[in-house]
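J.: With these hints in hand, go ahead and build the complete structure from the sequences.
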Amino acid sequence: MNNHDSHITSYALNFKVLLVLLILTTITILVIKLHLGAFTVAMALTLASVKTAIVLTYFMHLKFENLILRLMVGGVFLLFAIIIVITFIDYYFR
Amino acid sequence: MNNQTTTTPLNFLNHQTGLWSWLTSTDHKRIGLLYMYSIVTFFLVAAVLGLLMKIEKSAPGETIMTAQTYNALFTLHGIIMIFIVVIPGLAAVFGNIFLPIMIGAKDVAFPKLNLFSFYLFLTGAGLGLYSQFANGHSPDTGWTFYVPYSAEASSNVVIALTAAFTLGFASILTGLNFIVTIHTMRAPGMSWFRMPLFPWSLYATAWIQLLATPVVGITLLMVIAERTLHVGFFDPKLGGDPVLYQHLFWIYSHPAVYVMILPAMGVVTEIFPTFSQKPVFGYVPIALSSLAIALVGYFVWGHHMFTSGMSYESRWFFSLLTFLVAIPSAIKVFNWLSTMYGGSVDLQPPLLYAISFIFLFTIGGFTGLTLGSVATDIQVHNTDFVVAHFHYIIFGGMGFGFFAGIHYWFPKIYGKLYSIRWANIGWGILFTGFNLLYFPMFIMGIQGMPRRYFDYDPKFQLGQTISTIGAIILFTGLITMISNLIYHAYKGATAPANPWHGVTLEWQIPSPPPHENFDEIPVITRGPYVFDNPHTTK
Amino acid sequence: MTTMFSGASNLAEGVDRAFIFIFSVAFIFIIAIVALIFYILIHFSRKKNKNPQQFSGNTTLEIIWTVIPVIIVLIMFYFGWAGFAPMRKVPADAMPIKVIGRMWVWSFDYGNGKISKDLVVPLNKDIKLNLYSEDVNHGFFVPAFRVKEDVIPGYNNYMWFRAISKGTYDIFCTEYCGLAHSGMTGKVIVLDNADFDKWFADLKVSDNTVHPGLAIIKQNACLTCHSLDGTKIIGPSFKGIWGSKRIVVTAQGEKEMEGNDEYIRRSILDPNADVVKGFNKGLMQSYKEVLKAEDIDKIVDYFKTAGGQK
Amino acid sequence: MSTTNHTAHSEYIDSDTGKMGMWLFLFTELFLFGGLFIVYAVMRSKYGEDFHHAATELNAFIGATNTVVLLVSSMTVAMSLTAIQKNQTGLAMGLIFITLLLAGVFMMNKYFEYGHKFELHLYPGSEVMHNLPHGEIMFFGLYFLMTGLHLFHVLVGGILLTIILLKIKSGKINQEHFLLHENGALYWHLVDLIWIFLFPLLYLIT
Ligand code: HEA
Ligand code: HEA
Ligand code: CUA
Ligand SMILES: [Cu+2]
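Residue numbers (the numbering used here), protein chains in the order written: chain A, -12 to 81; chain B, 474 to 1011; chain C, 303 to 612; chain D, 16 to 221.
Because the hints were derived from the structure by calculation, they are not lab data.
Glycine is no exception: its CB is placed at the ideal position from the N, C-alpha and C atoms.
Hints may contain errors.
Stated by the list, open to error - DSSO-like cross-link-like pairs, simulated, lysine-lysine; straight-line CA separation at most 27 Å:
no., chain 1, residue 1, chain 2, residue 2
1, B, K710, C, K583
2, C, K590, C, K520
3, D, K61, B, K585
4, A, K3, D, K101
5, A, K50, D, K101
6, B, K932, C, K468
7, B, K710, C, K400
8, C, K594, B, K710
9, B, K932, C, K419
10, B, K710, C, K520
11, B, K585, D, K182
12, A, K20, D, K61
13, C, K419, B, K710
14, B, K710, D, K61
15, D, K184, B, K585
16, B, K710, D, K132
17, C, K427, C, K468
18, B, K710, C, K600
19, C, K583, B, K527
20, C, K606, C, K583
21, C, K547, C, K520
22, B, K710, C, K427
23, C, K606, B, K710
24, A, K20, D, K125
25, C, K416, C, K400
26, D, K61, C, K400
27, A, K20, D, K132
28, B, K932, C, K489
29, C, K468, C, K520
30, D, K61, C, K391
31, C, K534, B, K932
Said to hold, decoys possible - Here are some, though not all, of the chain B residues that point toward chain D, as calculated from beta-carbon distances under 10 Å:
no., residue
32, I645
33, L649
34, A679
35, L684
36, P687
37, G690
38, T692
39, I724
40, S784
T.: Okay, here's the thing in structure tokens:
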């Protein structure tokens, strides 16, 4: 009935996570300024995904949640990815 | 409706009285009943529209209405039937009433949210009706709202879209509630594989509601933006892509057809063991096949678009996946038949409806395979064949599943018995009418009779007329069935707690159930379908 | 009457084969299931069988009835794919014809200004249809040929076939496109080569002698709702519209107006402002976005000078 | 599931239950934006050049600032949760207050950004927009819809956080019962997550 068993994330960890996120943001901007052509989008999306994973794991405490919830989150993202891929079977082959 | 004698113990129907106590109740059983009354009302309205369409088509040319009216009618008929009746349908009615009881809980996880969903549903339904009567004329886009027509038509499309959007959110919240309920509120000892199969089917359904509905929500929002702000996401005049709309629409709407059928499958899965006094055959395969349907069902949406100019690769890819999604349904059908095999089968009305479900669903399913095969779909896409397919599978499947469920649980809900004789007569008329109405449409469809046609070539006259006669017979059957139930809800003999000798939890509590379902939360020590002393004498 | 097994194109055979296979399997399964149900109802009825057996599963059976349907559906898939695959492989020397779909008429452009309202094709010759829509989605369907593709604005969809028997066949529009969707039908006429050549030679180049206003009226499919000869269709006939008294219903009530320049312009740009008595509001949509000012001038001129006169 | 005492009348919803409900809700939010991402992806593959060009109209600096603002606010809200768990009520309130301020900054930036677009008459339905190439209309249409929907979420998140702030103050949220706080934080992180994708897709890929 209460949150006794919840995990407490320390202030320091939160701060470190922020630093990492800021660094990744800077990298994103730099990478894009480099104009890597076709890779730009892929890079930007990969970096965004990494950032997402970090936010999910630490800020949103997924690391400390039970397995079921973690599976759900993973599954949902996977499902979305598959849907995009399938849509592009149409557009890619047009 | 149940307060005549002092001997009646308090139950959820009479522990509080007055309209207000119903409208503000967070009791899942009452909310379920509220859903049922509203949904049945809407069903009757839309069904009458269906009948009118059929009468219009009894002869070629204009008979009782203009083309404009006809187009508005099938749109309204489709919107009501899909978004208001069958998508919330079984899950909202029987799911609400029986899910908590069957898993041994006192209510759903978020009772207030549950009530809120109901009002959201009512709002959406109200908006849907309003779109018919507001200034301008009724929407005439078909329930699929295909762009560019829906972006250009002068009718009240925006209101209809908003209605669908709102109904979508009601459905999402119901799904959310059920998932959490099933995860966190099962009675002690009820592991996943001790849960009855109706909750299992609801669990699979709820995931679809949760994850597919938002896509159509945002799509409809984009069409609204397109109409009001002229950003042409889908309108080719503004550089948009009409086929992209179809992708987004079906990403939701295909999984949605499994939202309709899965709970119905769950209902009949409860009925077969009870009336055979024999455990479900293949419990685990049935449970997992629900999940499989939900999962694979996400990846086949393109089979609605085989002629849309989609790439060659997508067409065969979607066709292949469509065939695979049929497998879990096949598994279920075979397991149901094996459940009855070797049992002590008592052909009461619920079982009669459940068996009809198998028959009609199988016909609907096989014609679905015809549609899933690209070559044949090219021929029958957007013809009466498709119309017949989905009426067989929705009305014959979900509809008959609903009828099976209400005949099964009626004594539990109202504590009354209906007339078995009249239920059987009603079934007979209904079943005959149904097949007369829809079977000719398969044949006409193969011959090329397109759907959404107000008028038709005289060569289709014979089939169309038979079909109209079927509609009228069906109408009679429905009236018979419903009158029997309504009459006996008031005047029926008092029902025992367990008239069919079922073994799931809902049969272990009084009829009607008390307000909080259980005095004491039961502790579960074994699977749901164990018949220790099969009851075989009457 | 085109019945199911009288396919009139080269593609019909593959489609029909898929139909036959799927329906045969369906038939067998449905008969078997119904038979089994009756057997159960009779043999295991409560009267006869008071001791229900309590078995609850069998792994071998589960595997059997998973694997067999998988095999069956894969065969079904194969037939469907085999019947479909040739539909997208257009022979290189196929004769191209442009199909134009607009609310609610089909027209067929053979190139060089030769436009026909029927699709006339020579026997045994590969035909490629390029499908264009000028407004909303349509569907081009010839049941006897087993071909159908959607006609979607902004998409260059196509189809092909080779007609293998002479005759006249229906064309239906199979994508809902508004009011007269069910009226958007047409004919395919298959002629042998000599007849086709003759027909083609006779086909008039859409002539420039037609009044430009009438051309615009035809192009915009006004004639689906308005006739030129006085018949009432969905809207009033154009015959004799110029200079006549028009009884219209406005928000204020009925009033009489004259069929002049201003009136016609308004009727086209804002059709629902005043509605001709006896007709319904909301059917005709404003052509503000569709017709340019000079187009409307031409239409007005047409009414003034030619067919629209009293 | 050990706790058996769930009834319709229990005052507090069990934390597992409530949190799972919130996560499921976030999933639907994800798919809501997901639909837009699909449209974006398809349109981008269709109108690569136009998207390229149109994106230069956006001010990457404001975008970057807002990214940093949201990331920091995500941290402060996460820290406020830590604070409430450690029973440092004052600190928790302060951190939420900072989060709200940051949300304010975000909205201010957006206000200027939109304002600028309006000055250029670049908004859906405008004359200028109408005359752009199709791909650019599409880009701006998506830009407004995506950021607009996101902004709406920022607003809702802000309201939610304000409620939480008040409840901490009145003691309704405390070391024992902080489900609402947790859920509010989750929601706020989602707002951040969406932006993490919006930023490169709209502002950077020029
Ligand atoms: C409850 C709703 C529901 C359900 C469950 C289904 C189930 C299926 N549907 Fe249907 N469908 C609709 C509702 C539904 N459909 C609607 C509403 C439309 C029209 C939308 C519109 O355009 O307006 C439609 C349209 C539709 C189309 C598009 C047609 C077109 O527009 O061209 C297709 C194409 O593949 C299709 C296929 C299928 C298949 C393969 C299944 C399968 O899941 C069926 C599986 C079942 C079985 C196969 C039978 C049972 C199995 C056995 C007895 C065992 C033996 C089996 C084998 C040997 C394989 N459906
Ligand atoms: C749940 C789903 C459902 C159900 C149950 C039905 C039921 C019926 N539908 Fe269906 N139908 C759809 C869903 C459904 N429909 C959808 C989604 C479409 C596609 C729309 C589109 O193309 O966009 C469609 C389209 C559709 C068409 C095709 C239109 C066209 O393409 O041209 C037709 C035509 O005949 C039709 C007829 C009927 C009939 C006769 C019934 C009958 O079964 C109804 C039987 C009932 C009665 C005959 C009356 C019962 C009345 C009473 C018992 C009481 C009377 C009550 C009072 C006095 C208040 N429907
Ligand atoms: Cu053109 Cu329907
Ligand atoms: Cu489907």
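J.: For each hint, tell me whether it holds in the structure or not.
T.: Hint check:
1. K710(B) <-> K583(C): Since the Cα atoms of K710(B) and K583(C) sit roughly 26 Å apart, the hinted pair holds (cutoff 27 Å).
2. K590(C) <-> K520(C): 17 Å, holds
3. K61(D) <-> K585(B): With Cα atoms ~46 Å apart, K61(D) and K585(B) exceed 27 Å; violated.
4. K3(A) <-> K101(D): 19 Å, holds
5. K50(A) <-> K101(D): 19 Å, holds
6. K932(B) <-> K468(C): Measuring from Cα to Cα gives roughly 20 Å; hence the hint holds.
7. K710(B) <-> K400(C): This hinted pair holds, its Cα atoms lying about 20 Å apart.
8. K594(C) <-> K710(B): OK: K594(C) and K710(B) at ~16 Å, within 27 Å.
9. K932(B) <-> K419(C): 23 Å, holds
10. K710(B) <-> K520(C): Answer holds: K710(B) to K520(C) is near 21 Å, not above 27 Å.
11. K585(B) <-> K182(D): Between K585(B) and K182(D) the Cα gap is close to 20 Å, so the pair holds against 27 Å.
12. K20(A) <-> K61(D): 23 Å, holds
13. K419(C) <-> K710(B): Distance ~26 Å between K419(C) and K710(B) Cα, so the pair holds.
14. K710(B) <-> K61(D): 15 Å, holds
15. K184(D) <-> K585(B): Given pair K184(D), K585(B) holds - Cα atoms ~25 Å apart, limit 27 Å.
16. K710(B) <-> K132(D): 24 Å, holds
17. K427(C) <-> K468(C): Measuring from Cα to Cα gives roughly 12 Å; hence the hint holds.
18. K710(B) <-> K600(C): Given pair K710(B), K600(C) holds - Cα atoms ~25 Å apart, limit 27 Å.
19. K583(C) <-> K527(B): Within the cut-off at roughly 26 Å; holds.
20. K606(C) <-> K583(C): 25 Å, holds
21. K547(C) <-> K520(C): 25 Å, holds
22. K710(B) <-> K427(C): Distance of about 35 Å is beyond 27 Å: violated.
23. K606(C) <-> K710(B): Distance of about 33 Å is beyond 27 Å: violated.
24. K20(A) <-> K125(D): 23 Å, holds
25. K416(C) <-> K400(C): Holds, because 11 Å separates the two Cα atoms, which is no more than 27 Å.
26. K61(D) <-> K400(C): Since the Cα atoms of K61(D) and K400(C) sit roughly 25 Å apart, the hinted pair holds (cutoff 27 Å).
27. K20(A) <-> K132(D): 24 Å, holds
28. K932(B) <-> K489(C): 15 Å, holds
29. K468(C) <-> K520(C): Not OK: K468(C) and K520(C) at ~30 Å, beyond 27 Å, violated.
30. K61(D) <-> K391(C): 25 Å, holds
31. K534(C) <-> K932(B): 26 Å, holds
32. I645: 5 Å, holds
33. L649: Result: holds, 5 Å to nearest chain D Cβ.
34. A679: The hint holds - A679(B) has a Cβ within 10 Å of chain D, the shortest such distance being about 9 Å.
35. L684: Nearest chain D Cβ about 6 Å off; hint holds.
36. P687: 4 Å, holds
37. G690: 6 Å, holds
38. T692: At 6 Å from the nearest chain D Cβ, T692(B) passes the 10 Å test, so the hint holds.
39. I724: 8 Å, holds
40. S784: This hint is violated: S784(B) lies away from chain D, its Cβ roughly 13 Å from the closest one there, beyond 10 Å.
Checked against the numbered hints given earlier, this structure breaks hints 3, 22, 23, 29, 40; the rest are met.
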